[in-house]
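Trainee: Between the sequences and the hints, there should be enough to build the whole structure, so can you do that?
Protein chains in written order, with the numbering used here: chain A, 1 to 346; chain B, 347 to 689.
For the record, the hints were derived by calculation from the structure and aren't laboratory data. All C-beta atoms, glycine included, are put in the ideal place defined by N, C-alpha and C. Among the hints, a few may not be true.
What the hints assert, rightly or not - Derived Cβ-Cβ restraints for the label pairs, each shown as a range:
no., chain 1, residue 1, chain 2, residue 2, range
1, A, P271, B, A626, 46 to 56 Å
2, A, D265, B, A494, 25 to 35 Å
3, A, E274, B, G429, 43 to 53 Å
4, B, A405, A, R246, 15 to 25 Å
To be verified - Facing chain B, a subset of chain A residues (Cβ under 7 Å, in silico):
no., residue
5, N97
6, R98
7, K100
8, I109
9, I119
10, G122
11, P125
12, I126
13, V128
14, G129
15, L132
16, Q136
17, E173
18, G195
19, P199
Unchecked claim - Counterexamples of contact, computed for chain A against chain B with all Cβ distances above 12 Å:
no., residue
20, E31
21, G36
22, A127
23, R138
24, R149
25, A170
26, P219
27, R233
28, G264
29, A281
30, R289
31, A316
32, A322
33, F336
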Amino acid sequence: MQSLASYTPAFLKELYRKMVLIRRFEERAAELRSLGYIPGFLHPYIGQEAVAVGACAALGPHDYITSTHRGHGHILARGGDPRYMYAELFARRDGYNRAKGGSLHIANIELGIIGANGIVGGGIPIAVGAGLALKQARQIAVHHPDDPRARRADGVAVTFFGDGASNQGAFHESLNLAALWRLPVIFICENNLYGEFTPQHKHQTIRDIATRASSYAIPGLIADGNDVLDVYRVVSKAAEDARKGRGPTLVECKTYRHRGHYEGDMGQYRPAEEVAFWLEADPIKNYRRLLLAGAICTEDELRALDQAVEQELEEAVAFAKASPHPAPEEALEDVFVESYGGRALL
Amino acid sequence: MTATPKAEKERRLTYAQAIREALVEEMERDPSLLLLGEDIGEPGGVFGVTQGLLQRFGAERVLDTPISEEAVIGTALGAALLGVPTVAEIMFSDFATLAMDQIVNQAAKFRYMTGGRTSAPFVIRMVTGTAGATAAQHSQSLEAWFTATPGLKVVTASTPADAKGLLKSAIRDPDPVLFFEHKLLYNSRGAVPAGVDSLIPLGEGRVAREGSDVTLVAYLYMLPRALKAAEALAGEGISVEVWDPRTLVPFDRAGLRRSLEKTGRLVIVQEAPRRNGFCAEIAAIAAEEFFPLLKAPIKRVCGTNTPMPYAPELEQFVIPDEERIAAGVREVMRNAVRSASGS
Numbered sequence: 001m002q003s004l005a006s007y008t009p010a011f012l013k014e015l016y017r018k019m020v021l022i023r024r025f026e027e028r029a030a031e032l033r034s035l036g037y038i039p040g041f042l043h044p045y046i047g048q049e050a051v052a053v054g055a056c057a058a059l060g061p062h063d064y065i066t067s068t069h070r071g072h073g074h075i076l077a078r079g080g081d082p083r084y085m086y087a088e089l090f091a092r093r094d095g096y097n098r099a100k101g102g103s104l105h106i107a108n109i110e111l112g113i114i115g116a117n118g119i120v121g122g123g124i125p126i127a128v129g130a131g132l133a134l135k136q137a138r139q140i141a142v143h144h145p146d147d148p149r150a151r152r153a154d155g156v157a158v159t160f161f162g163d164g165a166s167n168q169g170a171f172h173e174s175l176n177l178a179a180l181w182r183l184p185v186i187f188i189c190e191n192n193l194y195g196e197f198t199p200q201h202k203h204q205t206i207r208d209i210a211t212r213a214s215s216y217a218i219p220g221l222i223a224d225g226n227d228v229l230d231v232y233r234v235v236s237k238a239a240e241d242a243r244k245g246r247g248p249t250l251v252e253c254k255t256y257r258h259r260g261h262y263e264g265d266m267g268q269y270r271p272a273e274e275v276a277f278w279l280e281a282d283p284i285k286n287y288r289r290l291l292l293a294g295a296i297c298t299e300d301e302l303r304a305l306d307q308a309v310e311q312e313l314e315e316a317v318a319f320a321k322a323s324p325h326p327a328p329e330e331a332l333e334d335v336f337v338e339s340y341g342g343r344a345l346l
Numbered sequence: 347m348t349a350t351p352k353a354e355k356e357r358r359l360t361y362a363q364a365i366r367e368a369l370v371e372e373m374e375r376d377p378s379l380l381l382l383g384e385d386i387g388e389p390g391g392v393f394g395v396t397q398g399l400l401q402r403f404g405a406e407r408v409l410d411t412p413i414s415e416e417a418v419i420g421t422a423l424g425a426a427l428l429g430v431p432t433v434a435e436i437m438f439s440d441f442a443t444l445a446m447d448q449i450v451n452q453a454a455k456f457r458y459m460t461g462g463r464t465s466a467p468f469v470i471r472m473v474t475g476t477a478g479a480t481a482a483q484h485s486q487s488l489e490a491w492f493t494a495t496p497g498l499k500v501v502t503a504s505t506p507a508d509a510k511g512l513l514k515s516a517i518r519d520p521d522p523v524l525f526f527e528h529k530l531l532y533n534s535r536g537a538v539p540a541g542v543d544s545l546i547p548l549g550e551g552r553v554a555r556e557g558s559d560v561t562l563v564a565y566l567y568m569l570p571r572a573l574k575a576a577e578a579l580a581g582e583g584i585s586v587e588v589w590d591p592r593t594l595v596p597f598d599r600a601g602l603r604r605s606l607e608k609t610g611r612l613v614i615v616q617e618a619p620r621r622n623g624f625c626a627e628i629a630a631i632a633a634e635e636f637f638p639l640l641k642a643p644i645k646r647v648c649g650t651n652t653p654m655p656y657a658p659e660l661e662q663f664v665i666p667d668e669e670r671i672a673a674g675v676r677e678v679m680r681n682a683v684r685s686a687s688g689s
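Mentor: Encoded structure:
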């Protein structure tokens, strides 16, 4: 934990609000799924909120993220609207993806969200491509300052992935390529100690995934993934390097998911004392204590923030419930762009 | 490019030169277009297709990559999603297997998964087919795999003019396009239109030789072989119409229909193994939709259901040659006679 003095109260409160928003979004999603509103998978982000919120707090309007199975937190932290997210989870027409994606594929390029991903490690190379486009934007800014793409000349691409993905070839290929081309990419590994159901020590021989950076001669930093300010500090450093053309960084955030791999997995493969330890290290509970101890806000103010989140989510759920189901024939649309009417080529 | 219009009209280029010309013209037209691939820069590509492009456009636009197919295709996709069009080269289409997640799970589906809210305007150039003793991992014809994945367009360019016109269309297309180039065609020559806007739309087949007795469908390296077979068959009094689909997705059903209306007989050739090749799809389309036009059973002439062997005589046994194509046509003509005399 660190000194609060260097941050504005508004900034600190916003970090809290975002983490609570994610926590409650996920808890409600689990409930809504059990009530039958959500037909597909859910991989709750509960317990890891400090990573998404701390990392995205270091990002600006011209930055891009790729996300994972466990992507709701990243999308909310990046500015995703709970209304369109619930509508997508409910498979309704007003969802971010018009009911064609679901939890694993929520994307919105305008918000800088290239997408969650159903494939472990699948988003990592895509972020390298975003980094390449952002590096090109720096050239465009020099030669054609009026080109709209010049605006993102200071952009960075962030890719979130888990400890499991750090064993994929895509991870290694991408680190190598981004390092070679000095691309503005931040690789954020959320080490929650499990690749699906398999504990870290049974899927790799290292404890600190950040050490893999040394194979590519890039910085490898470790953050306390349950401390939102530590994540913010480390990712800010990586972002500054990337923006200044110093190339990529691998950031490992040590964290834990409170629940199973997906909603319905009871996570019984995890020792009870391990779970108890990490529940005690809850990123929201501890941050709440910190804000109170630092006199950043009062108990009442925090309660008011909590209530505002509940209100926002209540309205989001109502919005999603009211959103129409897609017509079955819509399945044929959006395969291709307008050149063929966008429809499936039969 | 100061030649007179007449000279331009008549100029003949190799297939490799035509592809290079398409890349040069499109890179000049769109200064954000990037090329990525293994050894495409300094070495100019294993088959020399990208020779001189690094010198002309610089290392920021012609990007030599490590041997990392998955990262290369993902990178091309990621840049495209941010509005930077890219052309990635897969040095041998066999190596696309290393990038299947990015091609099949990511690129093909991005637009659809996002409800039409994204597009990925990029091209993967796939160097495909046999080349004489290139053996099992450098010779495959995998195009049909990709036609089975909705969201990908699949182009098979068989002449220099088509290579240029189709590649330009592929680059300007807003969707992911897989562009198959056959190794044995790189040195083939033909007239190539000069204009920067000499595009050939995706989804329009081409009658490569007019005929009236039988429609012979062929693409990539099977096209020149089919044309030779047609020439030989003309001497036997069989008039063969050779039809090149040019793109497999989208597929020009109307063009195939027009040809079958003339001939009523269909022979389809492919270099790939017979089982589940694109021939089977064409045969199914014809059987389902054009059955009333057919006077004889459909015939496929395909590669054998084997991996590609090394020895040249084995390789030549595995893929269809002129004689086997001609035999397929004769069989269809005989069947037609038999069914006519039997009725």
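Trainee: Hints first: check each against the structure and report whether it holds.
Mentor: Each hint tested on the structure:
Roughly 54 Å separates the CB atoms of P271/A and A626/B, a value that falls within the hinted 46 to 56 Å. At about 32 Å, the beta-carbon gap between D265/A and A494/B stays in the expected band of 25 to 35 Å. Hint check: E274/A to G429/B, Cβ distance near 45 Å, so the stated range 43 to 53 Å holds. For A405/B and R246/A, the hinted distance range of 15 to 25 Å is satisfied, since their beta carbons lie about 19 Å from each other.
Annotation: N97/A was flagged as interfacial toward chain B, and the flag holds, the nearest CB pair being 4 Å apart, inside 7 Å. Given the 7 Å rule on beta carbons, the hint for R98/A holds: about 3 Å separates it from the nearest Cβ of chain B. A cut of 7 Å between beta carbons decides the hint on K100/A: the least distance to chain B is about 5 Å, and the hint holds. With a least beta-carbon distance of about 6 Å to chain B, the hint placing I109/A at the interface is held under the 7 Å criterion.
Given the 7 Å rule on beta carbons, the hint for I119/A holds: about 5 Å separates it from the nearest Cβ of chain B. The beta carbon of G122/A comes within 6 Å of a beta carbon in chain B, closer than 7 Å, and the hint placing it at the interface holds. The closest approach between the C-beta of P125/A and any C-beta of chain B is roughly 2 Å, which is under the 7 Å cut-off, so the hint is satisfied. A distance limit of 7 Å between C-beta atoms decides the matter here; for I126/A the minimum to chain B is near 4 Å, and the interface restraint holds.
Interface hint at V128/A: satisfied, since its Cβ lies 5 Å from the closest Cβ of chain B, which is below the 7 Å cut-off. Annotation: interface hint on G129/A holds; nearest CB of chain B at approximately 2 Å, less than 7 Å. Hint status for L132/A: holds, given a least beta-carbon distance of 5 Å to chain B, under 7 Å. Taking 7 Å as the C-beta cut-off, the interface hint given for Q136/A holds, the closest approach to chain B being about 6 Å.
Contact between E173/A and chain B, as hinted, is supported at the beta carbon level, the nearest pair being about 4 Å apart and thus within 7 Å. Annotation: G195/A was flagged as interfacial toward chain B, and the flag is violated, the nearest CB pair being 17 Å apart, outside 7 Å. Checking P199/A against chain B: minimum C-beta separation of about 25 Å lies over 7 Å; hint violated. In this structure E31/A is separated from chain B by more than 12 Å, as the shortest Cβ-Cβ distance comes to about 26 Å.
No Cβ of chain B comes within 12 Å of the Cβ of G36/A; the nearest lies about 23 Å off, and the non-interface call holds. For A127/A, the non-interface assignment is contradicted: its Cβ lies about 6 Å from the closest Cβ of chain B, within the 12 Å cut-off. Distance check on R138/A: its Cβ comes as close as 10 Å (rounded) to a Cβ of chain B, failing to clear the 12 Å threshold; non-interface status is violated. Not every CB of chain B lies more than 12 Å from the CB of R149/A, the least distance being 7 Å, so the non-interface label is violated.
Separation of A170/A from chain B is inadequate, the least Cβ-Cβ distance of about 5 Å not exceeding the 12 Å criterion. With a minimum CB-CB distance of about 20 Å to chain B, P219/A clears the 12 Å threshold, and the non-interface call stands. Non-interface call for R233/A relative to chain B: holds, since the shortest CB-CB distance, roughly 27 Å, exceeds 12 Å. Even its closest Cβ contact with chain B, about 23 Å, leaves G264/A beyond 12 Å, as expected for a residue assigned away from the interface.
Non-interface status of A281/A relative to chain B is upheld: no Cβ of that chain comes within 12 Å, the nearest being about 34 Å off. For R289/A, the shortest C-beta to C-beta distance to chain B comes to about 40 Å, beyond the 12 Å cut-off, and the non-interface label holds. Every beta carbon of chain B lies more than 12 Å from that of A316/A, the smallest distance being close to 18 Å; the non-interface claim holds. Separation of A322/A from chain B is adequate, the least Cβ-Cβ distance of about 18 Å exceeding the 12 Å criterion.
For F336/A, the shortest C-beta to C-beta distance to chain B comes to about 5 Å, within the 12 Å cut-off, and the non-interface label is violated.
Hint violations for this structure: numbers 18, 19, 22, 23, 24, 25, 33, all remaining hints satisfied.
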